[in-house]
Each structure stands twice: as C-alpha cells, then as structure tokens.
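Trainee: Chain by chain, the residues run as shown.
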Amino acid sequence: EAGVVQSPRYKIIEKKQPVAFWCNPISGHNTLYWYLQNLGQGPELLIRYENEEAVDDSQLPKDRFSAERLKGVDSTLKIQPAELGDSAVYLCASSSALSNIQYFGAGTRLSVL
Amino acid sequence: GQQVMQIPQYQHVQEGEDFTTYCNSSTTLSNIQWYKQRPGGHPVFLIQLVKSGEVKKQKRLTFQFGEAKKNSSLHITATQTTDVGTYFCAGPRSGTYKYIFGTGTRLKVLA
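If you read the protein sequences in the order shown, they are chains A and B.
If you read the first sequence in the working numbering, its first letter stands for residue 4, the second for the next number, and so on.
If you read the second sequence in the working numbering, its first letter stands for residue 68, the second for the next number, and so on.
Think of the hints as simulated: they come from the structure by calculation, not from any bench.
Please note that the accuracy of each hint is not assured.
Stated by the list, open to error - Mimicking SDA-like on lysine to any residue, the simulated pairs with C-alpha atoms at most 25 Å apart in a straight line are:
id: 1; chain 1: B; residue 1: K126; chain 2: A; residue 2: L39
id: 2; chain 1: A; residue 1: K65; chain 2: A; residue 2: S102
id: 3; chain 1: B; residue 1: K165; chain 2: A; residue 2: T34
id: 4; chain 1: A; residue 1: K74; chain 2: B; residue 2: T163
id: 5; chain 1: B; residue 1: K137; chain 2: B; residue 2: P159
id: 6; chain 1: A; residue 1: K81; chain 2: A; residue 2: S30
id: 7; chain 1: B; residue 1: K118; chain 2: A; residue 2: L101
id: 8; chain 1: B; residue 1: K103; chain 2: A; residue 2: L101
id: 9; chain 1: B; residue 1: K165; chain 2: A; residue 2: R112
id: 10; chain 1: B; residue 1: K175; chain 2: B; residue 2: E134
id: 11; chain 1: B; residue 1: K126; chain 2: A; residue 2: S102
id: 12; chain 1: B; residue 1: K175; chain 2: B; residue 2: T163
id: 13; chain 1: B; residue 1: K123; chain 2: B; residue 2: G83
id: 14; chain 1: B; residue 1: K137; chain 2: A; residue 2: A23
id: 15; chain 1: B; residue 1: K123; chain 2: B; residue 2: Y164
id: 16; chain 1: A; residue 1: K14; chain 2: A; residue 2: E71
id: 17; chain 1: A; residue 1: K65; chain 2: A; residue 2: P84
id: 18; chain 1: B; residue 1: K165; chain 2: A; residue 2: I16
id: 19; chain 1: A; residue 1: K14; chain 2: B; residue 2: G107
id: 20; chain 1: B; residue 1: K137; chain 2: B; residue 2: G108
id: 21; chain 1: B; residue 1: K123; chain 2: A; residue 2: S30
id: 22; chain 1: A; residue 1: K65; chain 2: A; residue 2: T34
id: 23; chain 1: B; residue 1: K126; chain 2: A; residue 2: I104
id: 24; chain 1: B; residue 1: K137; chain 2: A; residue 2: K19
id: 25; chain 1: B; residue 1: K123; chain 2: B; residue 2: Q76
id: 26; chain 1: A; residue 1: K74; chain 2: A; residue 2: N27
id: 27; chain 1: B; residue 1: K165; chain 2: A; residue 2: Q62
id: 28; chain 1: B; residue 1: K103; chain 2: A; residue 2: Y106
id: 29; chain 1: B; residue 1: K175; chain 2: A; residue 2: W25
id: 30; chain 1: A; residue 1: K65; chain 2: B; residue 2: Q70
id: 31; chain 1: B; residue 1: K165; chain 2: A; residue 2: S102
id: 32; chain 1: B; residue 1: K124; chain 2: B; residue 2: E134
id: 33; chain 1: A; residue 1: K81; chain 2: B; residue 2: Y164
id: 34; chain 1: B; residue 1: K103; chain 2: A; residue 2: E47
id: 35; chain 1: A; residue 1: K14; chain 2: B; residue 2: K126
id: 36; chain 1: B; residue 1: K165; chain 2: A; residue 2: K18
id: 37; chain 1: A; residue 1: K81; chain 2: B; residue 2: K124
id: 38; chain 1: A; residue 1: K65; chain 2: A; residue 2: I16
Please model the complete structure; the sequences and the hints are all you need to start from.
Mentor: What follows is the structure, given as structure tokens:
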C-alpha cells in the first residue's frame, strides 16, 4: 500500500510568487493534515480536513494561504504571495477514522529567495 | 495556550549508552504519541500511550506515560547508530483532535 504522497519534494521561488503543494493521502484515510515544520522545530498544524470539510484552520494565515480538498481525497495547499519567512518544510499527513495515528508524507521543502 | 516541551534539546551519546528524553505538557493529555524523524526524513509514528502510568516496550525502547497524564518519557537502552534522529512527543489539545508536537530531542549516536 502506498504511503502519503507529496509533490514536489523541493521548490525554490522568488518572494511574491505563488506556490502550490499537492498531497495524496493513504487510500481510505478520511482525515488529512497540513503541517509546517521549521528547521529544528516540531511540526505545527496549519489545517485539518475531515473528508472535504476543513474542521480546524485556526493556524492557517488566511491572508496568503489557502487549501482545498474538493473530493475528500487529494489536497492542495497554496501560498500567494510567498514571503521569505515561508521557507520551511510543508508536511502532509493522513489518518483513518479508526485511529488518530498520523502517517506523514516526505514533505515539500520550500525555499523563498 | 497549551505547550509541550521536551528536554534535552540535544543529546550526544556513545554507541551502547542509554538515552532518555522527557516530554512535559502544560495541560493533562488524553493520550500521547511519540514520533521519530530521521535527518532529512519525515516523522514516523512509534507508539501511543493512553492510560495513566502506562508503560510500553518496543525492543530497546521503553515508553512511559505519567500518572498525572502530563508527562511522558522515552528511554532507549544500548543505543545504536540507527537510533539517530529527532524524537517528538505529541499530545492532543484538550477536547480536540489537534495534536501539539513537542520541541523534539535530537539524538546523535557516536560510533
């Protein structure tokens, strides 16, 4: 069974440019999470989806960040416009309805120049 | 707000020595999870503890959940180079499924 798939693995952009990250969770997992991880720190939750509904987006900077999970499967996280401080690893995770164990993808490392 | 702190921040040990990391929450937790993140990798789930005072073992790893359910520890016996990485604890914010990750303990094992 495939794990959580994220793309791209790396992204380098100039500030003020838009960027998007994609996540395909483990098949059958209805809960999807987007985390931000700065170097040397633990993951910080940006948004959590239950199926297609965003049930916790209190930590998402809504002025520049947006996310969607239209069919309750894949998800996209977008930043527009990107700022220097957005440089970090963006992790996607998923869990099933039967367990709160989170399975993480490999992440997207974003560098904003 | 709720905070989850871990100590130490870094630990260097000689291969074969033991290692312990401690996790402390500012609030009572319904459960606690531990994850390992290898350098350049992503967090991988290790274990979940639910009961007060619970102790679980996985080979050389021993996990404990405090009686007050506000702290936890991970102990590794006779470390190996494969144990290198950052160990995170994570606990849910009260009444939610939002997990707050600890600050992590970065373990380096010297051969």
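Trainee: Next, verify each hint and record whether it holds.
Mentor: Cross-check of the supplied hints:
{"no.": "1", "hint": "B:K126 x A:L39", "in the structure": "31 Å, violated"}
{"no.": "2", "hint": "A:K65 x A:S102", "in the structure": "29 Å, violated"}
{"no.": "3", "hint": "B:K165 x A:T34", "in the structure": "11 Å, holds"}
{"no.": "4", "hint": "A:K74 x B:T163", "in the structure": "24 Å, holds"}
{"no.": "5", "hint": "B:K137 x B:P159", "in the structure": "11 Å, holds"}
{"no.": "6", "hint": "A:K81 x A:S30", "in the structure": "23 Å, holds"}
{"no.": "7", "hint": "B:K118 x A:L101", "in the structure": "18 Å, holds"}
{"no.": "8", "hint": "B:K103 x A:L101", "in the structure": "22 Å, holds"}
{"no.": "9", "hint": "B:K165 x A:R112", "in the structure": "23 Å, holds"}
{"no.": "10", "hint": "B:K175 x B:E134", "in the structure": "30 Å, violated"}
{"no.": "11", "hint": "B:K126 x A:S102", "in the structure": "23 Å, holds"}
{"no.": "12", "hint": "B:K175 x B:T163", "in the structure": "34 Å, violated"}
{"no.": "13", "hint": "B:K123 x B:G83", "in the structure": "21 Å, holds"}
{"no.": "14", "hint": "B:K137 x A:A23", "in the structure": "38 Å, violated"}
{"no.": "15", "hint": "B:K123 x B:Y164", "in the structure": "23 Å, holds"}
{"no.": "16", "hint": "A:K14 x A:E71", "in the structure": "20 Å, holds"}
{"no.": "17", "hint": "A:K65 x A:P84", "in the structure": "12 Å, holds"}
{"no.": "18", "hint": "B:K165 x A:I16", "in the structure": "30 Å, violated"}
{"no.": "19", "hint": "A:K14 x B:G107", "in the structure": "15 Å, holds"}
{"no.": "20", "hint": "B:K137 x B:G108", "in the structure": "28 Å, violated"}
{"no.": "21", "hint": "B:K123 x A:S30", "in the structure": "29 Å, violated"}
{"no.": "22", "hint": "A:K65 x A:T34", "in the structure": "21 Å, holds"}
{"no.": "23", "hint": "B:K126 x A:I104", "in the structure": "20 Å, holds"}
{"no.": "24", "hint": "B:K137 x A:K19", "in the structure": "42 Å, violated"}
{"no.": "25", "hint": "B:K123 x B:Q76", "in the structure": "23 Å, holds"}
{"no.": "26", "hint": "A:K74 x A:N27", "in the structure": "12 Å, holds"}
{"no.": "27", "hint": "B:K165 x A:Q62", "in the structure": "11 Å, holds"}
{"no.": "28", "hint": "B:K103 x A:Y106", "in the structure": "12 Å, holds"}
{"no.": "29", "hint": "B:K175 x A:W25", "in the structure": "32 Å, violated"}
{"no.": "30", "hint": "A:K65 x B:Q70", "in the structure": "23 Å, holds"}
{"no.": "31", "hint": "B:K165 x A:S102", "in the structure": "13 Å, holds"}
{"no.": "32", "hint": "B:K124 x B:E134", "in the structure": "17 Å, holds"}
{"no.": "33", "hint": "A:K81 x B:Y164", "in the structure": "24 Å, holds"}
{"no.": "34", "hint": "B:K103 x A:E47", "in the structure": "16 Å, holds"}
{"no.": "35", "hint": "A:K14 x B:K126", "in the structure": "39 Å, violated"}
{"no.": "36", "hint": "B:K165 x A:K18", "in the structure": "30 Å, violated"}
{"no.": "37", "hint": "A:K81 x B:K124", "in the structure": "41 Å, violated"}
{"no.": "38", "hint": "A:K65 x A:I16", "in the structure": "20 Å, holds"}
Checked against the numbered hints above, the structure breaks hints 1, 2, 10, 12, 14, 18, 20, 21, 24, 29, 35, 36 and 37 and satisfies the rest.
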